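Trainee: Given only the sequences and the hints, what does the whole structure look like? Please build it.
There are 2 protein chains.
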Amino acid sequence: MPIPSVQYSDILAAHERIRSAVNRTPVMVSRTLNARTGAEVFLKCENFQRMGAFKMRGAYNAVSQLTEEERRRGVVTHSSGNHAQALSLAARLLGVKAVVVMPKNSPQVKVSATRDTYGAEVVFCESTVKSRHETTERLIAEHDYTLIHPYDNDRVIAGAGTAALELLQDYSALEIIVAPVGGGGLLSGTSIAARGFNASIQVYGVEPRLVDDASRSFRSGKLESNTRIDTIADGLRTNLSERTLRYIRGNVNDILLVSEREILDAMRFLWERMKLVVEPSGAVSLAAILTGHIPVKGKKIGVIVSGGNIDIEGFFTLLAQKIHD
Amino acid sequence: MPIPSVQYSDILAAHERIRSAVNRTPVMVSRTLNARTGAEVFLKCENFQRMGAFKMRGAYNAVSQLTEEERRRGVVTHSSGNHAQALSLAARLLGVKAVVVMPKNSPQVKVSATRDTYGAEVVFCESTVKSRHETTERLIAEHDYTLIHPYDNDRVIAGAGTAALELLQDYSALEIIVAPVGGGGLLSGTSIAARGFNASIQVYGVEPRLVDDASRSFRSGKLESNTRIDTIADGLRTNLSERTLRYIRGNVNDILLVSEREILDAMRFLWERMKLVVEPSGAVSLAAILTGHIPVKGKKIGVIVSGGNIDIEGFFTLLAQKIHD
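Chains B and Y, in that order, are what the protein sequence lines are.
Quick note on numbering: my numbering labels position 247 of the first sequence as 247, and the sequence is numbered without any gaps.
Quick note on numbering: my numbering labels position 304 of the second sequence as 304, and the sequence is numbered without any gaps.
It is worth saying that the hints were derived from the structure and are not from the lab.
Dumping the calculated DSSO-like pairs for lysine-lysine here, alpha-carbon to alpha-carbon at most 30 Å: (1) Y/130 x Y/110; (2) Y/104 x B/322; (3) B/222 x B/130; (4) B/130 x Y/322; (5) Y/322 x B/322; (6) B/130 x B/97; (7) B/104 x Y/322; (8) Y/130 x Y/222; (9) Y/110 x Y/322; (10) B/322 x Y/110; (11) B/322 x Y/130; (12) Y/104 x Y/130; (13) B/104 x B/130.
None of these values were measured; they are calculated from a predicted model.
Mentor: Okay, here's the thing in structure tokens:
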């Protein structure tokens, strides 16, 4: 197995690099949650991160390390999710042009957040992997943009690992850390940070059963793919890369699966009992704990709550119908 | 004007009394909010309080000061809102029986929270003020329970003031503090805490325009009533009492009004941008700032976000229809 190239020292360096530009997010606890699990659970709330997700950490770490020449030319990525907004904001803060390739059927709310709120240029493609790649490659060929991949990028991974680093700095006695896994950037960074901080910490990844490629890849040792991607946890529909699979196999204890219903139940617990707006992907780690998939009794567990970007338009439309002004 | 009987020292004493049983809630800030208001805004997040609202502070402060004899007999209140749950939980923690009088048409979710989650006895009455009072009086006559009124009670008011006290302990340079006003217990306690901490702090109350009795009473000096109570801010449908009017006139700079739409917009900002589940009543203070009703530019402002208990059943029912497990 090749030696991983992201080291614990890279995560420490990333943290120094990004700390003035990102939020040191709070860690939330709940008496009800501890009583229900028989454990001490510490939620690292990346829903409170700038632009609403941990993605800001990796994007800022990557853009801030570009050469002057690369900064002058700009950056590009393909994403309709949190990475698009993170890259756009990080680039804007650093005075770098950002271009985001999005399928032309992307929800208007996501296009608007990326373009209008964070000032990136949006280039539309067909909603196929082929078109997405071709469009991105064409933009790079024409403009010499630097690609900042959502997760297949060591600087992005090192940045993502800073969430777990901060959690461990605050609660150094944690015995288990749990993170969601989609493309594997967050789980890679989390596992490298945790093992570097304390080699005896157990690290678990959790993914929706509907998109269980990471679990199967973890077991087989090669990249597996999904036949369906229709999980409600829209941030976790992506596949591992060779790079993230290598990090995860080297550092993670196991990858566990949760059902769609279990994700929704965990999300509801976070909203109703803990008053936290968390997106479905952000509730996946907690789902594995609430359902007992990870044995936590008597333990101190850190949970990465990855983000809080969810469309609440429908809920507020309903509420607006109730007012009598 | 009579000398108010709740003093700053009572709030300090209340804080010592309750601090091991209540949460020291976090204070949240937002770059977006500061940029939008041109101010520094500090949100005291009582939605993260135990049972989801500041009411826990007053209820616990009141129940913990009962005599042994009073504790043995039990406590009673009339409320279908946060005070019912707060009194039930406080009483349970202190080993005291709690009885809550609720209109028989109360939503099942509120009955269940009070009875099943927090273990109080619920006694139903007709949904009139007369029936509520008669039922409560009858229970007191029969069982010698001690009435813990939701706001017309100095111990409840002193407890409510501990939220502002903690906020000022954390951010002593605040120049303005804003709190919602319904029955006036929170605003009374907040204003006494703020003036006691620093007599030059400006204190504002905010209420829905639809139930503007506090604003009119503040101006006229006598208790005014409402003709309508159908504000979405269901925690603020109550009227001031002689006691709370006296405290408020003695300590508050002004009471401002916000529309139902402004409440909803502020609530949406809190959910969407700050990822905080806040109930409509809890968003009322911020509404007065976001709409410019309070001149805050260049100032440091503390905002009491009073609670986060809102029925999200409908939203989750919609989400559940989207899963394909």
